[in-house]
Amino acid sequence: MDLTYSKEDETFRKEVRAWLKKNLPKKDKAISDLMPHDPERVKRSKDWQHKLFDAGYVAMNWPKEYGGQDADVMRQTIVNEELTLARAPGLVGASGLTMLGPTLIQCGTEEQKRRYLPKVLTADEIWCQGYSEPGSGSDLASLTTRAELVGDEFVVNGQKVWTSNAQFSDWMFCLVRTDPDAPKHRGISYILIDMRTPGITVRPLVQMTGDAGFNEVFFDNARVPRANLVGELHQGWMVANATLFHERNMLGSTTRTQLMMQNLIRLARSHQRYGKPAAEDPLMRQKLSDLLTRVEAMKYHSYRQLTDVMHGRSPGIGAMVNKLVGTELNHDICALALEIMNSYAPLKKGAVRVIDNGTWAYEFMFTLGLVIGGGTSQIQKNIISERGLGMPKSG
Amino acid sequence: MDLTYSKEDETFRKEVRAWLKKNLPKKDKAISDLMPHDPERVKRSKDWQHKLFDAGYVAMNWPKEYGGQDADVMRQTIVNEELTLARAPGLVGASGLTMLGPTLIQCGTEEQKRRYLPKVLTADEIWCQGYSEPGSGSDLASLTTRAELVGDEFVVNGQKVWTSNAQFSDWMFCLVRTDPDAPKHRGISYILIDMRTPGITVRPLVQMTGDAGFNEVFFDNARVPRANLVGELHQGWMVANATLFHERNMLGSTTRTQLMMQNLIRLARSHQRYGKPAAEDPLMRQKLSDLLTRVEAMKYHSYRQLTDVMHGRSPGIGAMVNKLVGTELNHDICALALEIMNSYAPLKKGAVRVIDNGTWAYEFMFTLGLVIGGGTSQIQKNIISERGLGMPKSG
Amino acid sequence: MDFGLSEEQEMLQRSARDFLARECPSTFVRALYTEPDGFSRELHRKMAEQGWTGLLVPEAHGGLGLSMLDMALLLEEMGRAVVPGPFIFSSVLVTLALMHGGSSAQKKTWLPRLASGEAIGTFAFLEDTDRIDAAGMTLKAKKTRDGYLVSGTKLFVPFAAVADVLLTAVRTSGRGEEGISLLLIDRATPGLSIKSLDIFDQTRRVYEVEFSNVVVTKSALLGTEGEGWKIMARLLDAAAVALAADSLGGAQKSLEMAVDYTKVRTQFNRPIASFQALKHLAADMASDIEPARALVWYAAHAFDALPRDASRAASLAKARLSEVYSRTTNRAVQMHGGIGFTWEHDMHFWFKRAKWNEFAFGDVAFHRERIAQLEGF
Amino acid sequence: MDFGLSEEQEMLQRSARDFLARECPSTFVRALYTEPDGFSRELHRKMAEQGWTGLLVPEAHGGLGLSMLDMALLLEEMGRAVVPGPFIFSSVLVTLALMHGGSSAQKKTWLPRLASGEAIGTFAFLEDTDRIDAAGMTLKAKKTRDGYLVSGTKLFVPFAAVADVLLTAVRTSGRGEEGISLLLIDRATPGLSIKSLDIFDQTRRVYEVEFSNVVVTKSALLGTEGEGWKIMARLLDAAAVALAADSLGGAQKSLEMAVDYTKVRTQFNRPIASFQALKHLAADMASDIEPARALVWYAAHAFDALPRDASRAASLAKARLSEVYSRTTNRAVQMHGGIGFTWEHDMHFWFKRAKWNEFAFGDVAFHRERIAQLEGF
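Residue numbers (this note's numbering), protein chains in the order written: chain Y, 1 to 395; chain E, 1001 to 1395; chain F, 2001 to 2377; chain S, 3001 to 3377.
Careful, some of the hints might be misleading.
[Said to hold, decoys possible] List of simulated lysine-lysine pairs, BS3-like, C-alpha gap at most 27 Å: (1) K1014/E to K1046/E; (2) K2218/F to K2143/F; (3) K276/Y to K1276/E; (4) K393/Y to K1184/E; (5) K184/Y to K1393/E.
These aren't lab readings, by the way, just hints derived from the structure by calculation.
Using the sequences and the accompanying hints, generate a full structural model.
Given below as structure tokens:
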């Protein structure tokens, strides 16, 4: 066990930090990188990803032939940590980088890889995910968006929902039903849809925070070339599962949580409750320590997983709990911030008297959305108990 | 709304209190009435119930013709409250009084009522319940103890478990399978078994507290007269359900919880943590207040149910939550007591340096048993969600 | 011993529920969410016609002269319907202040108008320290020959933009509980200016109120100068009961919405209400709410009938219901899945209201410590 | 950056698990539960043969000279097997005290004997105030010409009945951290008497130790007179890490027992492991335990390698694992249904151990406040 970084890694970290100091656009500094989108911001976000890519800091673990560096996971981790610590905005092309990219590298044709991957890296093309439907949330495989193969084209009809960033995406990787008569997992295909295809309508779905982040996407006889099929026809469930599993088992990124915790402690030190800083209240001290303990646990837990991955071992059940524990922890951090702020808690961004620009209430709601999004807590618990603990399906 | 008692009730309460002061055996005073049984104690307990009955304080709400007084529920409530406040031991014949008695009154033959009920009242005969089996806990209706009708007798073979007080009971009211070929709910009968019948073996089941309270009861060709059948043959499930429902919906008795809470506050005031009484520690004050709030809620919640019953209304879902909320509350009260006592917490009854005679650790474990016994929390939650909220069975 | 509702009380609740289903459905709440003041004078007028604004006002002053328990039952229904507006502040707090401390002239001036819905009152007490204890009241009222000169700022004043009169806690002298006075200040008084404080729960608008050398006449003083805290303490109890009742109704409604949703939403070819995890969550919610109802009833009853236990009872109810309402809405959102997190679904109205109720008039920790003090732990 | 175990460490854990499965199965724990001293000298000897009692002891004194992390991994396995006996007190605390503060004579006298399992040590520090801070150390040691005269009482001393030597915290002068001294007192010293304190967890026997004018020679002083707190503070960190590791193993084992039970127990014609409510309970338990493991590793590593963060890390681990172990055993009992509540099933060994671990060497609230202080909140 050795918690120091190698000289090379330390040097690399300094380089990244220096580069960020010089290149990070000042205006985008914010506690949160989860603020609502607007077109001007999208443009700046794309530029930012492109710049990062040019510096060699994007998808470093991808194979060299597809624009990566075959770098070990430590390098990318250092970059991610430094990005978070510098409060850099999130990458606008994240779906492409974390979901589509790995899928294409694993299941795509050589042509598909060469066509799509470069623009994923540079954010010249933004991707969104077309999985969830109004009628199929936790039971994703029951999806009904139909893609009928007519000649050399899929004719797509149906609706997707919870599609982040669809309003400015160029492409969607999408699960569609190509064989309605097959058992539900066996009639699904994974296709790539140009969002400018006629017959596609995007309707923003406003969140309880008042911001639009998600969308509904409607397909009315949208025509997609057969060449946009990834993997075999009707085998889309397997194709998607590779990346779904990837999403669910992502190395817990705890840097952001650590930052939130630091901000919470700062808030507790500065905000007064009944004549003294909240941090001097014995009860608040207990609650802060409890949260800090859980944050520290997740930090070292992520180091452990990182070590596992570097040694080629699967982190197993350890990784399955990341999302459940992490999102609830973030939510709880926000909840304590609200408790500290009391009457100031519900003030919105930009309001008179607002503290920390309303981030805490916003994040309190947003993190509740994260608990729900991409697999509710309930589904996470099914995964942990079934895959992690070997308990049987509930039938 | 009127929280005062009528003059008659106040007078009655004073009478009960005076009677108890004079008649309650001093030696049986204890914070807890849940201490382990021993033969000498059983004898004293029977005498005590008999004495209480002679005074007119037992089963007051039963019909006059079966030894009751047709009294309203308020009278019995007052008696129960005063018994608890006086720290009187629990009634040794409780199973007979709360489970068998109401069942016989509702479903028994006139002969059965006259034969059994009087001795239930006086504790001249003690009853135990024969429902649970090793293989059927939450799925009670899957019970397999077989009772074959041979001539005018049932021949009983099988095993019961979790049978409180079986070691000194005279009788058992018991669910047995009389038709193994019928659907599981329709082949069960409700019979009364003399515990001195040859072929019955009682084996104590020691609890984690170290005390024997529960038992296993084995039947090896035990012969029971057909006349001991209550209700129709094969209709035992319906007969039992009347009282099971009764058990689950018992008016929450919160007097004991209130007493525990008072004791907890006393402990917090007297026991020092780091140089001052625990009750002066801000964190402990919060925890004490939280528990007190929940205790007070249950107190007024029980008043509300009492009012409903007095007005002939069903307390509905309000009564369904009693057991779940009450047992968890009692357990939490004990847990805080342990936290206050720290190193003193695990000392057992009679140990050097013990506080409150070890009641808190004992009750901490015992209340965990109550959460489990007579329907686990899990089953209680099924009942609340299905019967109370109309959610469908899990199928 | 009768811990239940009278027939009249049950009828009041039923009729309130019917009225609000008709006059304040969630579409109406949604429409008001984006209105500048978040207030419908028409709804207020209709509620006045029902007698609600005058529920507590003595009959002699044009009200119904009913009890705090009756009011709590009504507020439970208003919490169910997450009614936007200044009702609690006007028809409970300012009304009670007048009843308890007002001169007969003040009563005569204001009570009939408040009861009829013609006038609206609000309560200005918080300052930037966000304290609801006596030490938090520092807004200076300098004595002049004819009255007071008030300068300073009050924060988080509910619905100041639509209020006609602001019951304002000021400091006329001293520190702590001594020297606090209550003034009834007309919103139109020169020197008084308001600024909206934009918050997430748009059913509870709050404002910053700036007093810049505001001249107030002696006749505006409510009760005795310097002894305002006694009345105010009573108002804080009333507020705790009122918010607890509102929270009870909101929690109950959130549970019902969540359960209803799970009965119609299907996944894996069956209603998700048949999933044990969701059933048990719903059972936990019901187990929170059912006993909590008794606390609200008791606190309201104690407010009227058991003065020695009124403060403790109010804190019990507020502490518990704050916790239960927030936890219930959080769970209700989760039971709805993604849709519960959207603006388009109604669930967020209750979710946000729960958080407002949790912190207003003392949060859980505040009331627990107060209970400890009142119990003498 | 390598936050993982070495091959040697993984092997240590595997071999410990095998050894304990063989030498300390639950039937063995059960048998010791009712033995007078709750201690098996034979098991202790066997563990010594494995090198465990000397794991921390430098090779020069007959031990393996391994790290606290290695010890934590071993203790995790011992917690899994809920091993009864004084191991933590003898082979961790007294051993570390000697290593950090012992004179070379003391080391030479005791370390080889502790390592070989021939001698057993324990730590006498608590008094009737139950305080683990410096103010709690009041047992008087009066200075004499040749040493000290000790009079008073220590409480909750683990396994005093089988210990050869009691590392005893005494007060030689002053108050607070100044004036605390540590004495190595032979249990056979005249005037020293012990009384068993009967507790529920029979794997952790505790005693009242009475010192009645006990004469102790100067040579018994460990470290410098009056400066014992420095060593003791280090021991309290070690104890926190040790109990956290024990708790981790116990929690993991409790989860596994509960999950295994639900897989074989059937109700309604299917294993109860297929019920969503139990699955989600198990998932919650795993979500508690998995990240907590990293805290134990870190705290053990920090104890050796990061002295500036050692105390904070120890408190983080102790606070979290205390909570997690108690909650996990509570849930595990419930997952077992009625059988988990019986003496006949093994579950109660872990349930009781969890409660002991929760309160010993500082409870959750104690360590949280300590974290707050060390973080400078």
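Review point. Given the hinted pair K2218/F and K2143/F, is their alpha-carbon gap at most 27 Å?
Key: holds, 9 Å
**Study point:** Restraint status (C-alpha distance of K184/Y to K1393/E at most 27 Å)
**Key:** holds, 25 Å
Exercise for review: Take the C-alpha atoms of K1014/E and K1046/E, compute the straight-line distance between them, and say whether it is at most 27 Å.
Suggested key: With Cα atoms ~25 Å apart, K1014/E and K1046/E stay inside 27 Å; holds.
Check your understanding: Is the hinted pair K276/Y and K1276/E satisfied, with a Cα-Cα distance of at most 27 Å?
Key -> holds, 23 Å
Review point. If you draw a straight line from the CA of K393/Y to the CA of K1184/E, is it 27 Å or shorter?
Key: At roughly 25 Å apart (the allowed maximum being 27 Å), K1184/E and K393/Y satisfy the hint.
The structure agrees with every numbered hint stated previously.
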